[in-house]
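Here the protein sequences come in this chain order: A and B. Its first residue numbered 1467, the first sequence is counted upward by one per residue in the numbering used here. Its first residue numbered 1467, the second sequence is counted upward by one per residue in the numbering used here.
Don't read these hints as lab results, they were simulated from the structure. Among the hints, erroneous ones may be present.
Put simply, identical chains are the same to the list, so a pair is met inside one copy or across any two.
Claimed, not checked - Subject to a maximum C-alpha distance of 20 Å in a straight line, what follows is the list of computed SDA-like cross-link-like pairs (lysine to any residue): (1) 1740 x 1857; (2) 1747 x 1467; (3) 1707 x 1655; (4) 1707 x 1732; (5) 1747 x 1618; (6) 1740 x 1516; (7) 1742 x 1475; (8) 1740 x 1576; (9) 1742 x 1575; (10) 1740 x 1644; (11) 1744 x 1483.
If you're wondering where the values come from, they're calculated on a predicted model, not measured in any experiment.
There are 2 protein chains.
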Amino acid sequence: MHTVDQALEAITLNVAPGPVETVPLCEALGRVLAEPIDSDIDSPPFDKALMDGFAVRAEDIADGTATLTVIDEVTAGQVASQAIQPGQAIQIMTGAPIPDGADAVVQVEDTSIENHEQQVRVSIDTRPVVPGRNMIHQGTSMRRGDTVMPAGRQLRPQELGLLAELGRQTLVVHRQVTVGVLATGDELVTIDCQPGAGQIRNSNEAMLAAQVRACGGLALELGIARDNPEDLSARIADGLKCDVLLLSGGVSAGRLDLVPAQLEAAGVNEIFHKVKVKPGKPVWFGTSPDSVVFGLPGNPVSSMVCFELFVRTALRRLAGLSPAQPAAAAARLARDFEFRGDRPTYFPGRLEHHSDGPRVTPVDWHGSSDLRSTANANAMIHFPAGDQGYRAQQWVEVFEWSGRA
Amino acid sequence: MHTVDQALEAITLNVAPGPVETVPLCEALGRVLAEPIDSDIDSPPFDKALMDGFAVRAEDIADGTATLTVIDEVTAGQVASQAIQPGQAIQIMTGAPIPDGADAVVQVEDTSIENHEQQVRVSIDTRPVVPGRNMIHQGTSMRRGDTVMPAGRQLRPQELGLLAELGRQTLVVHRQVTVGVLATGDELVTIDCQPGAGQIRNSNEAMLAAQVRACGGLALELGIARDNPEDLSARIADGLKCDVLLLSGGVSAGRLDLVPAQLEAAGVNEIFHKVKVKPGKPVWFGTSPDSVVFGLPGNPVSSMVCFELFVRTALRRLAGLSPAQPAAAAARLARDFEFRGDRPTYFPGRLEHHSDGPRVTPVDWHGSSDLRSTANANAMIHFPAGDQGYRAQQWVEVFEWSGRA
Chain A
1467 MHTVDQALEA ITLNVAPGPV ETVPLCEALG RVLAEPIDSD IDSPPFDKAL
1517 MDGFAVRAED IADGTATLTV IDEVTAGQVA SQAIQPGQAI QIMTGAPIPD
1567 GADAVVQVED TSIENHEQQV RVSIDTRPVV PGRNMIHQGT SMRRGDTVMP
1617 AGRQLRPQEL GLLAELGRQT LVVHRQVTVG VLATGDELVT IDCQPGAGQI
1667 RNSNEAMLAA QVRACGGLAL ELGIARDNPE DLSARIADGL KCDVLLLSGG
1717 VSAGRLDLVP AQLEAAGVNE IFHKVKVKPG KPVWFGTSPD SVVFGLPGNP
1767 VSSMVCFELF VRTALRRLAG LSPAQPAAAA ARLARDFEFR GDRPTYFPGR
1817 LEHHSDGPRV TPVDWHGSSD LRSTANANAM IHFPAGDQGY RAQQWVEVFE
1867 WSGRA
Chain B
1467 MHTVDQALEA ITLNVAPGPV ETVPLCEALG RVLAEPIDSD IDSPPFDKAL
1517 MDGFAVRAED IADGTATLTV IDEVTAGQVA SQAIQPGQAI QIMTGAPIPD
1567 GADAVVQVED TSIENHEQQV RVSIDTRPVV PGRNMIHQGT SMRRGDTVMP
1617 AGRQLRPQEL GLLAELGRQT LVVHRQVTVG VLATGDELVT IDCQPGAGQI
1667 RNSNEAMLAA QVRACGGLAL ELGIARDNPE DLSARIADGL KCDVLLLSGG
1717 VSAGRLDLVP AQLEAAGVNE IFHKVKVKPG KPVWFGTSPD SVVFGLPGNP
1767 VSSMVCFELF VRTALRRLAG LSPAQPAAAA ARLARDFEFR GDRPTYFPGR
1817 LEHHSDGPRV TPVDWHGSSD LRSTANANAM IHFPAGDQGY RAQQWVEVFE
1867 WSGRA
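The shape of chain A in the complex, shown without the other chains (with noise of 0.2 Å):
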């Protein structure tokens, strides 16, 4: 049985980064760059002043005072006209270019205009005026030909302001990969049913659906299998038209557990069954030519865990991330947690951040089935193999789901 660490570099040697397509930079936002960006110009373009004021020469105001000649106006989108000699300056606004000859800027709250004998004049009172003062260097934050950011970069609103400063109206990134959730078990009936005897809503189809769209997927709602060979081979060639296929439930040893076989019967080659982790012992994973085909066990907390493990790894491979893998974080249990488990266990947890660091609560927690207890948690705290006594202000691994609750 592979260990979770090994179920992880199996799905990283065996998924390999989907195609490319070019979009527009409005429709960029969290998809992943598939091409390196070297900018086409300097930042700023030219020498900007940061501040309204009047750009002058420092060495004519080098102990804070001075009364100097406006002899132009320059505004943001302009260029002065002619440049400053001693004893002159040009009032500017924020964001326009540095006239020639100036070297500072003295902000508009430290003067007073004056007209003196048709003439304006600035008179100027500030602390000791060094050149650069309220203004930035043409290419000080990057120079034309700089790579901004290499190719497996996921697009932030940051990235694409930055995207848009160097004028790229169209990126190279990733596909977005498609993904077939498809629910499997005589058991289930689906959310406009009332359950009869026996029977269970399917809540399994929802919630990964949301899961695989919370990666940046896109979730295709396949419904239910039922458990014989025919409704379950038909809906599993159905769902190998995706890119990645989520089958939950019938992957455990019971004689209905009918995926497995039937996967392997539509050519999907497996890589491994069975991972030492709670829950989601019996996950499931294999591979064909056009597809990466995952067997959640039905339980939806197992179903849940295994996802943010090993599926979202998946699809972080396919969409050109790296490191694929999940990230671990780490947290100071916040009361003393008694763990007993003879599998390496992802714990549902209460994040929360202190002004003396993160703290993380283990919460009340009923097993695999227990959906309720994961929307009370926002992270997974992982608890490795051993019945052990944990002490609160312990570190322990934990890692964050998606979003807030």
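Let chain A serve as the given structure and place chain B on it in line with the hints.
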């Protein structure tokens, strides 16, 4: 001039939760509930097997060994046709209801089947069996009538799974807000242009629109307004059709900073102008009967930081989220840092997670026009006003940006 806390307080006071609508479950990811959710079922709805194996009477196997007569089989979705008597067992699948008379499940791995004179018998060899083993009792996770989610809860995958379990096909949630983004300034050119002397491309529109989308809002890109009252007032009138209008630029002390006056002329009531914060001091906030309006500074990092602090608070408030104000976390500084500044500063930083907790590194930052530095960051570090030498390992307040880089 407002402090950051006063500004956040003013936003919270002047922005009320927005209207509600009913949406289908499959479109509710990220939306905020406007109704509390009560359970219409017990969960699990019946005493349920957690393993494939045999439903038994624990007292028959108190020492861990027994040979029992198998009288029936029950799979998930079915109900056993008869009750278990002493000496009997019923084969059971994960998820199936526990038959009457049984109070534990022995997993199939601990059993062997014997066919014995037309009777099927199961031989069990395991550790002593206590009632409740490998099963979960009806209502353990939740009881019919329990309130399982309060109004104001943001819907993540696990909430959607739980709502599906409760049969909720539709939900009452807060409506998505429309947010107009209007950049202002004569220096701006559209991103398909090669900037001329003194010009820069409009990076704020793409960035702010993406920040809106990352918050769950509907962004409308309204183009560039020029620094004259006619163009600005026409575009403001258009933008006030949105629930929220964001302008960037034109809010400083300069002669062409027309935004505050044009907003007031359009009937937007100023709540505050200028906040003691860096970057972002000139930020303007006001309301009209139908809109919430922010005048953000034109420099992109100022604009971005003011969005994260102030606009996000307004959007969270409109969405019905509480608390609406930014969620502070803490991290240890990864290196010594000399801070100089007379305003509280939100400094781009790179937050990383280690086994002994989070660490943050201030990135190389060249001020409010240096968007590139924010692409190297994933958080902002809050340094209070006042020159101070911070030491490596010291805890500082951080605000994580959404998404990863």
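Checked hints:
no.	hint	in the structure
1	1740 x 1857	neither (31 Å within a copy, 48 Å between copies)
2	1747 x 1467	within (9 Å within a copy, 59 Å between copies)
3	1707 x 1655	neither (25 Å within a copy, 44 Å between copies)
4	1707 x 1732	within (12 Å within a copy, 54 Å between copies)
5	1747 x 1618	neither (32 Å within a copy, 35 Å between copies)
6	1740 x 1516	between (60 Å within a copy, 16 Å between copies)
7	1742 x 1475	within (14 Å within a copy, 50 Å between copies)
8	1740 x 1576	between (72 Å within a copy, 18 Å between copies)
9	1742 x 1575	between (67 Å within a copy, 16 Å between copies)
10	1740 x 1644	neither (25 Å within a copy, 47 Å between copies)
11	1744 x 1483	neither (29 Å within a copy, 41 Å between copies)
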